[in-house]
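Using the hints, position chains B, C and D against chain A.
Chain by chain, the residues:
Number of protein chains: 4
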Amino acid sequence: VSQNSEPAEQPGSARRTRTQRFEALSDGVFAIAITLLVLDLAVPTTPHSSHHLLNAIADDWPGYLGYLVSFSTIGAIWLGHNALTDYLDQVDSFLLRLNLLLLLFVSFLPFPTRLLAEYINTGRAERVASTFYGLALLLCASLLSVLWRYAWHAHLVRPDVHDAELTLLRSRLTPGMVAYVLVIALGLLVPVAALVGYLLIALYFVFPVRLPRRRPRTT
Amino acid sequence: VSQNSEPAEQPGSARRTRTQRFEALSDGVFAIAITLLVLDLAVPTTPHSSHHLLNAIADDWPGYLGYLVSFSTIGAIWLGHNALTDYLDQVDSFLLRLNLLLLLFVSFLPFPTRLLAEYINTGRAERVASTFYGLALLLCASLLSVLWRYAWHAHLVRPDVHDAELTLLRSRLTPGMVAYVLVIALGLLVPVAALVGYLLIALYFVFPVRLPRRRPRTT
Amino acid sequence: VSQNSEPAEQPGSARRTRTQRFEALSDGVFAIAITLLVLDLAVPTTPHSSHHLLNAIADDWPGYLGYLVSFSTIGAIWLGHNALTDYLDQVDSFLLRLNLLLLLFVSFLPFPTRLLAEYINTGRAERVASTFYGLALLLCASLLSVLWRYAWHAHLVRPDVHDAELTLLRSRLTPGMVAYVLVIALGLLVPVAALVGYLLIALYFVFPVRLPRRRPRTT
Amino acid sequence: VSQNSEPAEQPGSARRTRTQRFEALSDGVFAIAITLLVLDLAVPTTPHSSHHLLNAIADDWPGYLGYLVSFSTIGAIWLGHNALTDYLDQVDSFLLRLNLLLLLFVSFLPFPTRLLAEYINTGRAERVASTFYGLALLLCASLLSVLWRYAWHAHLVRPDVHDAELTLLRSRLTPGMVAYVLVIALGLLVPVAALVGYLLIALYFVFPVRLPRRRPRTT
Chain A
168 VSQNSEPAEQ
178 PGSARRTRTQ
188 RFEALSDGVF
198 AIAITLLVLD
208 LAVPTTPHSS
218 HHLLNAIADD
228 WPGYLGYLVS
238 FSTIGAIWLG
248 HNALTDYLDQ
258 VDSFLLRLNL
268 LLLLFVSFLP
278 FPTRLLAEYI
288 NTGRAERVAS
298 TFYGLALLLC
308 ASLLSVLWRY
318 AWHAHLVRPD
328 VHDAELTLLR
338 SRLTPGMVAY
348 VLVIALGLLV
358 PVAALVGYLL
368 IALYFVFPVR
378 LPRRRPRTT
Chain B
168 VSQNSEPAEQ
178 PGSARRTRTQ
188 RFEALSDGVF
198 AIAITLLVLD
208 LAVPTTPHSS
218 HHLLNAIADD
228 WPGYLGYLVS
238 FSTIGAIWLG
248 HNALTDYLDQ
258 VDSFLLRLNL
268 LLLLFVSFLP
278 FPTRLLAEYI
288 NTGRAERVAS
298 TFYGLALLLC
308 ASLLSVLWRY
318 AWHAHLVRPD
328 VHDAELTLLR
338 SRLTPGMVAY
348 VLVIALGLLV
358 PVAALVGYLL
368 IALYFVFPVR
378 LPRRRPRTT
Chain C
168 VSQNSEPAEQ
178 PGSARRTRTQ
188 RFEALSDGVF
198 AIAITLLVLD
208 LAVPTTPHSS
218 HHLLNAIADD
228 WPGYLGYLVS
238 FSTIGAIWLG
248 HNALTDYLDQ
258 VDSFLLRLNL
268 LLLLFVSFLP
278 FPTRLLAEYI
288 NTGRAERVAS
298 TFYGLALLLC
308 ASLLSVLWRY
318 AWHAHLVRPD
328 VHDAELTLLR
338 SRLTPGMVAY
348 VLVIALGLLV
358 PVAALVGYLL
368 IALYFVFPVR
378 LPRRRPRTT
Chain D
168 VSQNSEPAEQ
178 PGSARRTRTQ
188 RFEALSDGVF
198 AIAITLLVLD
208 LAVPTTPHSS
218 HHLLNAIADD
228 WPGYLGYLVS
238 FSTIGAIWLG
248 HNALTDYLDQ
258 VDSFLLRLNL
268 LLLLFVSFLP
278 FPTRLLAEYI
288 NTGRAERVAS
298 TFYGLALLLC
308 ASLLSVLWRY
318 AWHAHLVRPD
328 VHDAELTLLR
338 SRLTPGMVAY
348 VLVIALGLLV
358 PVAALVGYLL
368 IALYFVFPVR
378 LPRRRPRTT
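Protein chains in written order, with the numbering used here: chain A, 168 to 386; chain B, 168 to 386; chain C, 168 to 386; chain D, 168 to 386.
To be clear, the hints were calculated from the coordinates, so they are not data collected in a lab. Check before you lean on any hint, since a few could be wrong.
Unchecked claim - What follows is a set of in silico ranges between Cβ atoms, one per label pair, in the way DEER data are often shown: (1) D:Leu367 to C:Leu268: 45 to 51 Å; (2) A:Ala352 to C:Tyr371: 50 to 56 Å; (3) B:Leu370 to D:Thr289: 23 to 29 Å; (4) A:Leu353 to D:Ser216: 48 to 54 Å.
What the hints assert, rightly or not - Here are some chain C residues the structure puts well away from chain A; computed CB gaps all over 10 Å: (5) Gln187; (6) Leu208; (7) Val210; (8) Asn222; (9) Leu235; (10) Asn288; (11) Leu305; (12) Leu306; (13) Val313; (14) Trp315; (15) Arg339; (16) Leu356; (17) Val357; (18) Val363; (19) Leu366.
Said to hold, decoys possible - Over 12 Å on every C-beta distance to chain B, these chain A residues come out as not near it, computed from the model: (20) Ser217; (21) Leu268; (22) Thr341; (23) Ala346; (24) Val363.
For every residue, glycine included, the Cβ atom is placed at its ideal position computed from N, Cα and C.
Chain A with its partners taken away, still in its complex shape (with noise of 0.2 Å):
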């Protein structure tokens, strides 16, 4: 790239440093959303021996299970992001706005994942917290989806690329929303179902089934 004598090179190197900050941003919203998470996780302060701290830690199981369905989430959608920018040539300005909604929906987890946490189990209005968490997964893989598609379509993606995790996740991008679709429709029912069902669709997200091994190695 340096060997190029063009005029039109400069902006293009300017056009990757604005790459990096982006990625700066985005790096740093997905590292702090997914460890205040656990902030959200209460010490109990009533119990009084072992035996009731352990029950106490043990009722809690909706928060450690919000927790974790927000942490694989997150994980999942900071992956796709990153498999996505690898194959980024250049960062355009309507991208870096889809991005900064992104980073919105994502730094909003955190308070549907409270919100589960407060209320799923207690049979108090936990339909309207499980609906609520799930339609705030489906904004964010929702988004990704559109980020996906706008940066194809505006030929910001290398178009001869051929990888593994990009293909991975363009493939799982509309099964998992379609998935997330439904068990909303789940949690109307069975709110607890739902939570469950959210961590399955992260880890489908997260887990490459069947493409690790695959890849070239240079060593």
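Only chains B, C and D this time, still in chain A's reference frame:
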């Protein structure tokens, strides 16, 4: 750059390292400030049914709107900061300090946001909260403007740059600051309307109405 | 690398970009987890005189000790992670996921730290808090060990590397994990002693007793 | 550097990667510590009118002043850290650990800041809060000084460097530490005056009174 054999070249490369940490600290503060906002969204604690929870969430709309306004404003300032640093050749001592001052106001924003969420639409002290919030937004935009002007006058920005994003930033900062003053005045009469006004100004900074498609592509 | 004209070279450079974001997310989570610990140090609210405040601060010594242990442990894991990634040629899909699992446990650490600060030395439930804390530390060290073994077996680490820091990490991980098991058992008898034990293990990971001076210098 | 064909060159490039993560963790901790300060600004909850809210905000001036002092101090330490790393050729094991110790004190700063905001100007225990705060600031400045001295003696800093910023840092660290000791003593007599003293020391570190214009420009 690396073919340059002058002894002055080494300080030049050190300067560039410094630009990296200048950007890293800034991106860190922007990412944290934008993500901390979610901590101020309170989970309703009283509702006993789905119906009550939906109402409680709906009643907290100033909190969500404030979240959206602050997120958009920090996002807009980040876009401007990003456009500016893309064209920085080097960073000098004074710019580092001006930037710390900008970060001071950006990292302070979650506080007036909380104040606003607490007092807006309660009939109590909302004029103070709305004005305080508007002044904080105005200070952020003004510092970004000062940063930009200093970088330009100290020849830290490459003078041959014609970038759509940078032109957009420059052409909108002054009208944006005038708009903040007007909306702060409006807020003394109708505090809630000011909140909508702040959102519109942030979106005005964020959206490049006619520019995103004109950029040359290298594909 | 850039002189290599094979078509396989491009995916290779993409791989390297991915390493950058893998490191950026990890550093973000480490930095946030290590800094969030301070939020759990409670400011005493009751004292009416300097004498009372000094006593109140002194009485909270388990909180400060827990802060120090968790800070040292996260610091030690970061040093190990840092030594490992220094010698990574590339990152594959599976390592990215293993790393997310490590970050899950690292970002979870503030919770058992809070639990410990709340219950240690109160005569109530301190065995549960101490064991829970030890298991979390053990999980972090184990995951770092798994990460290291996987990277080695999948040929992601350059095989010709002989680094003092990496040798130190490798030679201490297994004894460190055995020590965690012993100290967890000790904690069932004397919970406070376990806290000191956890600190010693973290310092054992952190301090390169005899190695730091042997490194070749390029000056 | 890349033309160097010695086998020792590879570890050298690994060293540089390590410098990147050393900086990334540091910038993360600085950014988070500086942004977390805002969480300690309490939103007044009692006021029923604009007049009361203005009074409540005005009454909390020690909170705002403490925020400003801690922000300025962390900013000053970051500037010094930044100037130092700009001239680091490499990082060795011991410097990594010294840096973790500096980050321990920096990330701890929000706690004495909170203590100060709670007790200053209340007539209760303010001497303890003020001294505790001053000692924390002194520890941060001392560690930065130790870091700088170690880097110099271990030949990690390029010896031919004559940088205005670095000279400034070096020439001000020792008087600054003496000033901290004096202001801590002053705080035993007049705690509020100490707060102003701490702010002046931070600004003394931050502002390069006569140096910023002497730097050569490459434009």
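Hint-by-hint comparison with the structure:
For the hinted restraint 45 to 51 Å between Leu367 (chain D) and Leu268 (chain C), the CB-CB distance of approximately 48 Å keeps it satisfied. The hinted window of 50 to 56 Å between Ala352 (chain A) and Tyr371 (chain C) holds, with their beta carbons roughly 53 Å apart. In this structure, Leu370 (chain B) and Thr289 (chain D) break the distance hint of 23 to 29 Å, their C-beta atoms being roughly 44 Å apart. At roughly 49 Å, the beta carbons of Leu353 (chain A) and Ser216 (chain D) sit within the given window of 48 to 54 Å.
Non-interface call for Gln187 (chain C) relative to chain A: violated, since the shortest CB-CB distance, roughly 8 Å, does not exceed 10 Å. Non-interface status of Leu208 (chain C) relative to chain A is upheld: no Cβ of that chain comes within 10 Å, the nearest being about 14 Å off. Here Val210 (chain C) stays apart from chain A, with its beta-carbon at least about 17 Å from theirs, past the 10 Å limit. With a least CB separation of 22 Å from chain A, Asn222 (chain C) remains clear of the 10 Å interface cut-off, as annotated.
Chain A leaves Leu235 (chain C) outside its interface by the beta-carbon criterion, the shortest separation being 19 Å against a cut-off of 10 Å. Look at Asn288 (chain C): its CB is around 14 Å from the nearest CB on chain A, clear of 10 Å, so calling it non-interface holds up. The non-interface label for Leu305 (chain C) is consistent with chain A: the shortest C-beta to C-beta separation is roughly 17 Å, beyond 10 Å. With 10 Å as the threshold on Cβ separation, the claim that Leu306 (chain C) sits away from chain A holds: the shortest Cβ distance comes to roughly 14 Å.
Here Val313 (chain C) stays apart from chain A, with its beta-carbon at least about 15 Å from theirs, past the 10 Å limit. Listed as a non-interface residue, Trp315 (chain C) keeps its Cβ farther than 10 Å from every Cβ of chain A; the least gap is roughly 17 Å. The claim that Arg339 (chain C) is not at the interface with chain A holds, since no C-beta of that chain comes within 10 Å of its own (minimum 26 Å). With a least beta-carbon separation of about 13 Å from chain A, Leu356 (chain C) lies farther than 10 Å from that chain, consistent with its non-interface assignment.
With 10 Å as the threshold on Cβ separation, the claim that Val357 (chain C) sits away from chain A holds: the shortest Cβ distance comes to roughly 15 Å. Taking the minimum C-beta to C-beta distance to chain A, about 20 Å, the non-interface status of Val363 (chain C) holds against the 10 Å cut. No Cβ of chain A approaches the Cβ of Leu366 (chain C) within 10 Å, the least distance being about 21 Å, so the stated non-interface status holds. With a cut of 12 Å on Cβ distances, Ser217 (chain A) stays outside the contact zone with chain B, its closest approach being about 29 Å.
Distance check for Leu268 (chain A) against chain B: the nearest CB is about 9 Å away, which does not clear 12 Å, and the non-interface claim fails. The claim that Thr341 (chain A) lies off the interface holds: its Cβ sits roughly 26 Å from the closest Cβ of chain B, which is beyond the 12 Å cut-off. The beta carbon of Ala346 (chain A) sits about 24 Å from the closest Cβ of chain B, which is more than 12 Å, so the claim that it is off the interface holds. Separation of Val363 (chain A) from chain B is adequate, the least Cβ-Cβ distance of about 21 Å exceeding the 12 Å criterion.
The structure shown violates the earlier hints numbered 3, 5 and 21.
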